[in-house]
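**Q** My request is simple: use the sequences and hints to build the entire structure.
Residue strings, one per chain:
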Amino acid sequence: MRRVTGALAIPVTVFVVLTALCSINGASLFGTDDSLLLLTRGVATTMLTAMALAINLNSGRFDFSLGAMATLSSVIGATVAIQTGSGIVVMGGITVAVGVALGAFSGLVYVLLGISPMVCSLGITLLYEGVSFAITGGANVSFLLDGGLTSFSKSPAAMAAVIAVGLLVVVLLFDQSRFGYDYRALITGQGPAVAAGIREKRNAVAAYAISGGLMGAVGLILASQMGYIEAGKLNFGSIGIMFTAFLPMFVGGFIGRYSNDKLGYLLGALCTTLLGLAFAALHLTSTVQSITNALLLVGFLLFLSNEDKLARLWRRVARRDRHTTGHLPPASPDVPAQPIVRTGATAS
Amino acid sequence: MKITRSTTLAALAALGLTLGTAACSSGTAAENDTAAAGTGGETVKMCVLVSDATSSEALGFKDYYTQYIQQNFDVEFVYSEELADADAEKRAMESFIANNCRAIISFASADRPAQIEMAESAGIYYSVATGTLTDEQYEMFKDYQYYVGAIGPSLDVELQAGYDMAKHFVDEGDTRFAIYGAGIPYYIDMHIYRTAGMLAALAEDPSTTYGGAKEFGDILGVIMRDGTIKVDQFASDVYELTGYQEVWDFDDSAWQANLAAVVSSKPDVILAAGTGFAVFGAAVSGTDIAIGDIDAYTDENAKAMEAGSLSYLAGKFTSSTGPIFAATLSAVQGHPIRGEGDTALALEQGYWVATSIDQFNEFLAADTIESPVYDQAALEPFIGTDVSYDDFAAFVSKYSFDELAG
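As you go down the protein sequences, you meet chains A and B in turn. Count the first sequence with the working numbering and you get residues 7 to 354, in order. Count the second sequence with the working numbering and you get residues 649 to 1054, in order.
Treat the hints with care, since some could be wrong.
Unchecked claim - Lysine to aspartate or glutamate pairs mimicking DMTMM-like chemistry, simulated, CA-CA at most 20 Å apart:
#	chain 1	residue 1	chain 2	residue 2
1	B	K862	B	E852
2	B	K914	A	D40
3	B	K914	A	D39
4	B	K790	B	D990
5	B	K1046	B	D759
6	B	K738	B	E768
7	B	K738	B	D837
8	A	K160	B	D885
9	B	K815	B	D711
10	B	K951	A	D152
11	B	K815	B	D791
12	B	K815	B	D885
By construction, these hints were calculated from the structure, which means they are not laboratory data. Source: prediction; values computed, not measured.
**A** In structure tokens, the structure reads:
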């Protein structure tokens, strides 16, 4: 019961608060014909990006190149689909496959060079942005009037399938496979894991490849949704895609303590998407939205960084209440009641 | 051969260098063997500031400079990356100054006064393409020695373009409008004036106001104060403002939700202050929603008009940036074209307006990269000669399709 409550507390609270805010202002959270599509599409892109970000961040590897992977993989997939006249299936297959290859290349560069993952990923970002630019000559890859390629992101069923498949693949890979066991062993104790025979470099490259595949799927959705890809972004212009996933990743990491961290990312993405729907329903300006998002992110990180202090404060207040109502103090020292294992995707 | 770490590093470095060179050389003379084939003098390095590097309009302007102008005049163009804000513009200006640019042509408008001040301090000629300064800014900078001037739609022309577009749809009997304000939150003047023009056209109906205002100047004041358009500020018994969208982050879920909400509000027309089809094209396909846009004559917009998604275009033609190039090069060569009292240029150009695909195709065919309306023969008389301001002003003022190509 405690786990269910812990997992659902934030999403339910977000939903109730946003619904109430919309009702007070005479708006509806799901007031448009496309509400279901927006919900599924938003959850799909945000969840996949949050998982791609967390996969490496949990291992202490910060990856700035996620947005560039999404852009370059979709540029290649869309270019091939347009030039060959093939449809969304070919575009999707190529985009995700290229995403995996780009991720693997990024991982290889990291393990071969042995430099800081942050520096390495910045270089990879510039490289991938440069390749996108070189392929397109700096122009947008546009297929605005190609209904076949844009229909994918207009289907709630397709978006729901992306969520289900993405979740299933990640759960199978990270929770049910040898790769996943090794991955978790490396996170919790790198030295002993390596001493026990786990090949950390191979595991790192595979983690990068999976992350790239997820970003390929994100690139496919974003491209199909807009009907064009902005391939002229240089000098880290693609990094913004990654930053949209920070709040859901931290929220997801927190929720994951009470369930599975992958389910946490799904619920975190749901919260963020609901927030986006509320912003649109309330006609908030872009400035107000940006400030609100920033405050929520900073506020949540503050909470994560100080939750032990808050817990102690809460117990002190609770103890004082019990004293005043005639209860005896606890016989044992304070012990955190929650048997929580934190994921790397927290503020710590 | 054993693949060592050094071999891998060397291969990666070579790959990165190759791709980086390919990416960065797109706007230089390096790709153009026949560059500097003009009068045989010194090749002038001109640097170009761009806030938009990817739209078909921006690429059309770039192709005209890097493919046509560069082949026919002794000039080399170096383009900036896409500049998102005033800070990025300043960094690009510093880079251009350090790289010995002889002149800067600016398509970026986040902070033009800062650009003009930097160019003046560095002794580099500076000009504004496809836009003009505000009256206050012009008064401030008109006497600067290195400020060549501006040629493009004045803010009055921008206002009129927005007004004419909204009026066209009103005359067609449409009553439900959505607005795409493009760069309004970034205080891009031309987008603000176009949007104010649209609202002013709707406010001609006695029952219609925006933020309580009916006149253009008052409407402009409301938009300037808010930095955005607020749907609930629009009041009318006749028209409905069903939704509003502007640029901030295409990848943001809230932006996507707002875009979908605009489409779901089922307006008759989306009045766009710029790049309307690029932003709304996929979202409105399959609906009856029309787009009115202020953009450019490009193949992409032609397809949109043919498909029925775009039904009105007030567009710049690709070689419309020819006259400002001529004035800038002439200044570099020691023959600046100055107005009365030795002042900088402030000349207007307007739009070509198409409301049918036939008209659109006629405009598109008249002005191509290979055969622009402002070709070498048209521009050469104004470069390197002591041409009078009046002659040049008369040349620029004849910008309509009928005058140039009709």
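**Q** With reference to the structure, classify each hint as holding or not holding.
**A** Results of checking the hints against the structure:
1. About 7 Å separates the Cα atoms of B:K862 and B:E852, which keeps this hinted pair within 20 Å; it holds.
2. Restraint check for B:K914 and A:D40: satisfied, since their Cα atoms lie roughly 12 Å apart, inside the 20 Å limit.
3. Taking the CA atoms of B:K914 and A:D39, the gap is about 10 Å. The hint holds against a cut of 20 Å.
4. Using a Cα cut-off of 20 Å, the hinted pair B:K790 and B:D990 holds, with the two alpha carbons roughly 8 Å apart.
5. Of the pairs offered as hints, the one joining B:K1046 and B:D759 is violated, with about 29 Å between alpha carbons and a cut-off of 20 Å exceeded.
6. Taken as a hint, the B:K738 and B:E768 pair is honoured in the structure, with Cα atoms around 14 Å apart against an allowance of 20 Å.
7. Note on B:K738 and B:D837: the hinted pairing holds, with a Cα-Cα distance of about 19 Å set against a maximum of 20 Å.
8. Note on A:K160 and B:D885: the hinted pairing is violated, with a Cα-Cα distance of about 34 Å set against a maximum of 20 Å.
9. Among the hinted pairs, B:K815 with B:D711 is inconsistent with the structure: their alpha-carbon atoms are about 33 Å apart, more than 20 Å.
10. Our distance criterion of 20 Å between C-alpha atoms is met by B:K951 and A:D152, whose separation comes to about 11 Å.
11. Between B:K815 and B:D791 the alpha-carbon distance is near 38 Å, which puts this suggested pair outside the 20 Å criterion.
12. Restraint check for B:K815 and B:D885: the C-alpha separation of about 17 Å stays at or below 20 Å, so the hint holds.
The structure fails hints 5, 8, 9 and 11 (numbered hints given earlier, in ascending order).
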